[in-house]
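Trainee: Using the sequences and the hints, build the whole thing.
As you go down the protein sequences, you meet chains Y and W in turn. Letter by letter, the first sequence follows residues 0 to 277 in numbering that gives the first Met the number 0. Letter by letter, the second sequence follows residues 0 to 314 in numbering that gives the first Met the number 0.
Be aware that a few hints might be false.
[To be verified] Restraint-style ranges between C-beta atoms, simulated for each label pair:
id: 1; chain 1: W; residue 1: Gly45; chain 2: Y; residue 2: Thr182; range: 25 to 35 Å
id: 2; chain 1: W; residue 1: Asp213; chain 2: Y; residue 2: Pro194; range: 33 to 43 Å
id: 3; chain 1: W; residue 1: Ser116; chain 2: Y; residue 2: Leu253; range: 29 to 39 Å
id: 4; chain 1: W; residue 1: Leu112; chain 2: Y; residue 2: Leu253; range: 29 to 39 Å
id: 5; chain 1: W; residue 1: Arg222; chain 2: Y; residue 2: Glu39; range: 45 to 55 Å
id: 6; chain 1: W; residue 1: Leu105; chain 2: Y; residue 2: Val185; range: 42 to 52 Å
No lab work stands behind these hints: they were computed from the structure. Ideal Cβ placement from N, Cα and C applies to all residues, glycine included.
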Amino acid sequence: MRSRRLAIGAGKMLAVAAIVVWSLFPIGFIVLSSFKPGREIFAVPPELFFEPTFEHYASLWHRWPAFFDGLVNSLVITTGATALAVMASLLAGFAYSRYRGVRFLEGSVMFLIGSRLIPPIVVTLPLFPVVNRLGLNDTHLVLILLYATFFVSLGTLLMRTFIDQVPRELDEAAVLDGARPLTILVKIILPLVAPGMLAVAVFVVVFAWNEFLFAYIFTANHAKTAPLVLSEMISSIDGVDWGVLFAASTVQLLPVLVFVVLMNRFLVAGLTAGATKG
Amino acid sequence: MAFGSEASVGHRGEGAAEAAGETKRRRFAFSPAYLYATPVHLLVLGIIVLPAIFVLWLSFEASSFGQSATFVGFDNYIRVLTDPYFWGSVWNTVLVVAVAVHIELLLGLGLALLFASGLPLQRVMLVVVLAPYAISEVTAVAMWRFLFDPDVGPITLMLRYTGLPTLDWTFIPSHGLILVGLLTIWLHLPFTFIILYAARLAVPKELYEAGRTDGANAFQLFRNITLPLLAPAMLIALLFRYIFAFRLFSEVWLLTQGGPARTTEVVSVYLYQEGFRYNSFGTAAATAWMMVVISLLLATGYVWRLRKESMANAF
Numbered sequence: 000m001r002s003r004r005l006a007i008g009a010g011k012m013l014a015v016a017a018i019v020v021w022s023l024f025p026i027g028f029i030v031l032s033s034f035k036p037g038r039e040i041f042a043v044p045p046e047l048f049f050e051p052t053f054e055h056y057a058s059l060w061h062r063w064p065a066f067f068d069g070l071v072n073s074l075v076i077t078t079g080a081t082a083l084a085v086m087a088s089l090l091a092g093f094a095y096s097r098y099r100g101v102r103f104l105e106g107s108v109m110f111l112i113g114s115r116l117i118p119p120i121v122v123t124l125p126l127f128p129v130v131n132r133l134g135l136n137d138t139h140l141v142l143i144l145l146y147a148t149f150f151v152s153l154g155t156l157l158m159r160t161f162i163d164q165v166p167r168e169l170d171e172a173a174v175l176d177g178a179r180p181l182t183i184l185v186k187i188i189l190p191l192v193a194p195g196m197l198a199v200a201v202f203v204v205v206f207a208w209n210e211f212l213f214a215y216i217f218t219a220n221h222a223k224t225a226p227l228v229l230s231e232m233i234s235s236i237d238g239v240d241w242g243v244l245f246a247a248s249t250v251q252l253l254p255v256l257v258f259v260v261l262m263n264r265f266l267v268a269g270l271t272a273g274a275t276k277g
Numbered sequence: 000m001a002f003g004s005e006a007s008v009g010h011r012g013e014g015a016a017e018a019a020g021e022t023k024r025r026r027f028a029f030s031p032a033y034l035y036a037t038p039v040h041l042l043v044l045g046i047i048v049l050p051a052i053f054v055l056w057l058s059f060e061a062s063s064f065g066q067s068a069t070f071v072g073f074d075n076y077i078r079v080l081t082d083p084y085f086w087g088s089v090w091n092t093v094l095v096v097a098v099a100v101h102i103e104l105l106l107g108l109g110l111a112l113l114f115a116s117g118l119p120l121q122r123v124m125l126v127v128v129l130a131p132y133a134i135s136e137v138t139a140v141a142m143w144r145f146l147f148d149p150d151v152g153p154i155t156l157m158l159r160y161t162g163l164p165t166l167d168w169t170f171i172p173s174h175g176l177i178l179v180g181l182l183t184i185w186l187h188l189p190f191t192f193i194i195l196y197a198a199r200l201a202v203p204k205e206l207y208e209a210g211r212t213d214g215a216n217a218f219q220l221f222r223n224i225t226l227p228l229l230a231p232a233m234l235i236a237l238l239f240r241y242i243f244a245f246r247l248f249s250e251v252w253l254l255t256q257g258g259p260a261r262t263t264e265v266v267s268v269y270l271y272q273e274g275f276r277y278n279s280f281g282t283a284a285a286t287a288w289m290m291v292v293i294s295l296l297l298a299t300g301y302v303w304r305l306r307k308e309s310m311a312n313a314f
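Mentor: This is the structure we're talking about:
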């Protein structure tokens, strides 16, 4: 019995090690390598201990100013898309949770769920000429709208689930005090559903910060996002400068990785509720 | 119910008589709910649904830049369906999706059960499993491209050193697809895992205790309790992953651009090439609509299965 328990314990330690290697090795490898001097990046076997250097970060700064513009663009677009998606989802979630039996409203849930089935690349075809004609090509606005839109249906369903959990007695008491619906939403419901709003925000932040396809099609210079600049480094014709690419990747991934780690509770809550509710 | 307008009918499950009376009285009345729901619907309608319908129209027209559209019936569909490159891309997509998504499901299930049985540093380990969720496809491609680089990649060199076969993904199409599959699994395992883990945690402990008192062994517990109770969640995870993996674009585009000689194209890449490289909007639109229809079919299949399942449970 005791040996069996020992075996299980050892098996679990092995599993833990395997999980850590699978999940973190690629990330850790890039981050560590970005601090390795010149040729040591290619040392076999990879060296774990080395004199850290910032030379790749320095050449990133000098040779790829576009990357830092890209970071700023990504920040602007991510902030805009997240704010828009969270606000719109909160309002719609409020409508679905608190107004029952309103014509067309119930049916429109199916419409929202159905819209999630349309692959994003499908809408790029007709939107491309329209965006050009409106002069919106290569602007922050077009990506903000696109990123927010592809998460508002999930966001609405999540917000409805969270608002459903706020007891209606609270609303009713406020109505007796003469509060208007919007006041109730902002003053009473909003503070209680903040975790739900964070769950929606995590989805949009991760998506908008990392997205490639829309950025590739709808931006060229002015609104180019960080992932797009990274993709240019990968397919650079004079061969990939791995050190610089690793430095840029590290700068791009660390903020969102830290964000996800800090917000993991909300991410888990959102993923679970999002999958079961539609 | 709260806001006193006639349209707001009150809590779910109130008296049936009252509900019936309410339906009779109900005529179209303006409700503030419409205002609250407007921004979301404007976005979804304007940016997803109307453009998608426009694509349907486009798929029956022949058009390109600076050329007015003319109606061509099903010509675009016929051209796409007789294009060997299209079928190549379909085959690649089906292969990658089928293999990667199922491996992902097995890994996710294994992880979920492992976590449910208790792990050292459980909370930290959960975050470790979630980490790839934060990584961009572009960064992930940069990582895996280097790890498997044919000349300097550490994994390639390690495989070569130990005499194992390496992935020659730059010129052997199937190896390129294997790398795409690996990347896809790495990026999306967190999603599958969380769905299954949440479902596993929702299984009441008493069921396992009862099973153990009846003398069931670990395998029987898994076969007769865990598996049937996790089946709906597994189906949900599979459906979501089918639908999303089917859109696969960035990984392939950034890794191989569909090459060499268009052999690693997936459906999205084929669509992109038709529309944005060859400016053939008609065939691109036809491809796009076939993608929409297949996504819808996948979802209906799932709803149908779920119905059947709940019927079966009722007996």
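Trainee: Next step is simple, just say for each hint if it's right about the structure.
Mentor: Hints and how they fare:
1. W:Gly45 <-> Y:Thr182: 25 to 35 Å: Since Gly45 of chain W and Thr182 of chain Y have Cβ atoms about 29 Å apart, the given range 25 to 35 Å holds.
2. W:Asp213 <-> Y:Pro194: 33 to 43 Å: holds, 40 Å
3. W:Ser116 <-> Y:Leu253: 29 to 39 Å: Taking Cβ atoms as reference, Ser116 of chain W and Leu253 of chain Y lie about 33 Å apart, which means the hint holds.
4. W:Leu112 <-> Y:Leu253: 29 to 39 Å: Given about 32 Å between the Cβ atoms, the range holds.
5. W:Arg222 <-> Y:Glu39: 45 to 55 Å: holds, 52 Å
6. W:Leu105 <-> Y:Val185: 42 to 52 Å: holds, 46 Å
Hint compliance for this structure: every hint is met.
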